[in-house]
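The primary structure of each chain is shown beneath.
There are 2 protein chains.
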Amino acid sequence: MLKPIKNKKIYEYVIEQIQDMIMNGAINKGDRLPSERELAEQLKVSRTSVREALRVLEVIGLIESRQGEGNFVTGNIENKFFEPLSVFFRLNKGKPSDILELRKIIEIETASLAAQRITKKDIEKLENLLNRMRETDDEEENSRIDKEFHYTIAKATDNYLIIGLFNIIPSLMEAFIKDARLKILKRAQNREILVEQHGKIFNALKDKKPKDAAKAMLEHLEFANKMMNKK
Amino acid sequence: MLKPIKNKKIYEYVIEQIQDMIMNGAINKGDRLPSERELAEQLKVSRTSVREALRVLEVIGLIESRQGEGNFVTGNIENKFFEPLSVFFRLNKGKPSDILELRKIIEIETASLAAQRITKKDIEKLENLLNRMRETDDEEENSRIDKEFHYTIAKATDNYLIIGLFNIIPSLMEAFIKDARLKILKRAQNREILVEQHGKIFNALKDKKPKDAAKAMLEHLEFANKMMNKK
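Protein chains in written order, with numbering that gives the first Met the number 0: chain H, 0 to 230; chain X, 0 to 230.
Just so you know, not all the hints are guaranteed correct.
Treat identical chains as interchangeable: a pair holds within one or across any two.
[Said to hold, decoys possible] Heads up, simulated BS3-like pairs for lysine-lysine below, C-alpha to C-alpha not over 30 angstroms straight-line:
{"id": "1", "residue 1": "119", "residue 2": "92"}
{"id": "2", "residue 1": "207", "residue 2": "229"}
{"id": "3", "residue 1": "94", "residue 2": "208"}
{"id": "4", "residue 1": "120", "residue 2": "94"}
{"id": "5", "residue 1": "207", "residue 2": "154"}
{"id": "6", "residue 1": "208", "residue 2": "229"}
{"id": "7", "residue 1": "8", "residue 2": "146"}
{"id": "8", "residue 1": "154", "residue 2": "229"}
{"id": "9", "residue 1": "124", "residue 2": "210"}
{"id": "10", "residue 1": "225", "residue 2": "214"}
{"id": "11", "residue 1": "225", "residue 2": "210"}
{"id": "12", "residue 1": "185", "residue 2": "94"}
{"id": "13", "residue 1": "225", "residue 2": "119"}
{"id": "14", "residue 1": "119", "residue 2": "94"}
{"id": "15", "residue 1": "94", "residue 2": "28"}
{"id": "16", "residue 1": "146", "residue 2": "119"}
{"id": "17", "residue 1": "103", "residue 2": "28"}
{"id": "18", "residue 1": "120", "residue 2": "103"}
{"id": "19", "residue 1": "207", "residue 2": "94"}
{"id": "20", "residue 1": "124", "residue 2": "205"}
{"id": "21", "residue 1": "205", "residue 2": "103"}
{"id": "22", "residue 1": "177", "residue 2": "214"}
{"id": "23", "residue 1": "119", "residue 2": "208"}
{"id": "24", "residue 1": "154", "residue 2": "119"}
{"id": "25", "residue 1": "28", "residue 2": "177"}
{"id": "26", "residue 1": "103", "residue 2": "154"}
{"id": "27", "residue 1": "205", "residue 2": "94"}
No lab work stands behind these hints: they were computed from the structure.
Work the whole structure out from these sequences, hints included.
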């Protein structure tokens, strides 16, 4: 994708410089950044521009400012509270089917990879979630369990880029799962079907069968889609 | 994913407020935001905090500041110059196989969806890229074409969330494709194989065969992986 030429603002220039330092290995995870004053002097920009740049990097989750100690490179993508894709979904007046397509794109292959990497601990966690799903009637609780079930599968891939992907979309997932479950559960017998589908995904993962895991995930997501499109 | 409780900074509070206004529909795409002064008064915070928040939103690509006119909500995720996942890749001392796994996760199902949606114009564009790939010996040019080929498939899904996903990772894709091609092309006969694989993906898309498209994409990515792992 070509990047459009535009007038860069000074704080954008500062961000790029810091990004470059990371990309070429001059700064590593855990390192303390030079102070605001030092950065301003090195880059020959105002301290205000440096401060603006640091704010941005903090929101993105790249650095963490510790009182009295300075700014540290964390690379902690999990704690971001801002979710670009969720906001873009709203701005584009998105439909649930858009999210479902995204979930199919991401989750089918994720299930397959998770089946190859899953640990005993992940399996225990999923089994526990599944049992809670079987037992509880509280739909709020069920939505939370449902979401955690899918995130646990993502974590089982043990690939920080894939886990990062799931961390970009928590509100989207949450909204979708809640909405989907409400529609699906209008038919009482569907509750049993949902539990069964999660059980099928679980079994494939436990038996470390990538193809079966992908297939079970596909069936689950397509069922959700069919139910959501029913009048 | 539970979000950790932490002390929110004032500019983070401002961002959240603006995010909320978008999520509940009070602000829409194209709208002008209240001025810095108005926002500061409404939210009872300093103008510095408002300015910091606006900077962040600008970098993320959510708003665009127009000289003399104010800040507008664009929701334009394409023009972001900051790439969190690429930076996290460096910070985590990532391996090419991490990227390949991410590409498999995203691109196989993307190919399948693209086969269902692809337009005549997309097909022409892909055919054109394929012809250029067949003709040129310039490896710089080939890397660019290769990357554009995969992006064009993403665009053919016509789902802004999926296109958004691809826009989050351009540098990752670029670095991976360049590196992969270099290693793959150490064996001269592989050049022909690469062209053939892209041709196979193209044919499945042109014939609107989702399963064949997914299969061709999988074969292509697994071939790249095999070649990259060769000593």
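Okay, the hints, checked on the actual structure:
1. 119 with 92: between (41 angstroms within a copy, 26 angstroms between copies)
2. 207 with 229: between (34 angstroms within a copy, 26 angstroms between copies)
3. 94 with 208: between (33 angstroms within a copy, 25 angstroms between copies)
4. 120 with 94: between (36 angstroms within a copy, 25 angstroms between copies)
5. 207 with 154: Within one copy only: 15 angstroms inside a chain, 33 angstroms across chains, cut-off 30 angstroms.
6. 208 with 229: Intra 32 angstroms, inter 26 angstroms, cutoff 30 angstroms: inter-copy only.
7. 8 with 146: Only across copies: residue 8 and residue 146 sit 28 angstroms apart there, 40 angstroms inside one copy, limit 30 angstroms.
8. 154 with 229: between (32 angstroms within a copy, 28 angstroms between copies)
9. 124 with 210: within (21 angstroms within a copy, 33 angstroms between copies)
10. 225 with 214: both (16 angstroms within a copy, 25 angstroms between copies)
11. 225 with 210: both (22 angstroms within a copy, 20 angstroms between copies)
12. 185 with 94: within (20 angstroms within a copy, 46 angstroms between copies)
13. 225 with 119: Result: close only across copies, 29 angstroms inter versus 34 angstroms intra.
14. 119 with 94: between (37 angstroms within a copy, 25 angstroms between copies)
15. 94 with 28: between (38 angstroms within a copy, 16 angstroms between copies)
16. 146 with 119: Within one copy only: 20 angstroms inside a chain, 38 angstroms across chains, cut-off 30 angstroms.
17. 103 with 28: between (33 angstroms within a copy, 27 angstroms between copies)
18. 120 with 103: Both: 25 angstroms inside a copy, 25 angstroms across copies.
19. 207 with 94: between (34 angstroms within a copy, 24 angstroms between copies)
20. 124 with 205: within (11 angstroms within a copy, 44 angstroms between copies)
21. 205 with 103: both (21 angstroms within a copy, 22 angstroms between copies)
22. 177 with 214: within (23 angstroms within a copy, 33 angstroms between copies)
23. 119 with 208: So residue 119 and residue 208 pass the 30 angstroms test inside one copy only (15 angstroms; across, 38 angstroms).
24. 154 with 119: within (13 angstroms within a copy, 39 angstroms between copies)
25. 28 with 177: Result: close only across copies, 25 angstroms inter versus 36 angstroms intra.
26. 103 with 154: Result: close both inside a copy and across copies, 17 angstroms intra and 16 angstroms inter.
27. 205 with 94: Cα proximity of residue 205 and residue 94: across copies only (27 angstroms, versus 34 angstroms in one copy).
Hint compliance for this structure: no hint is broken.
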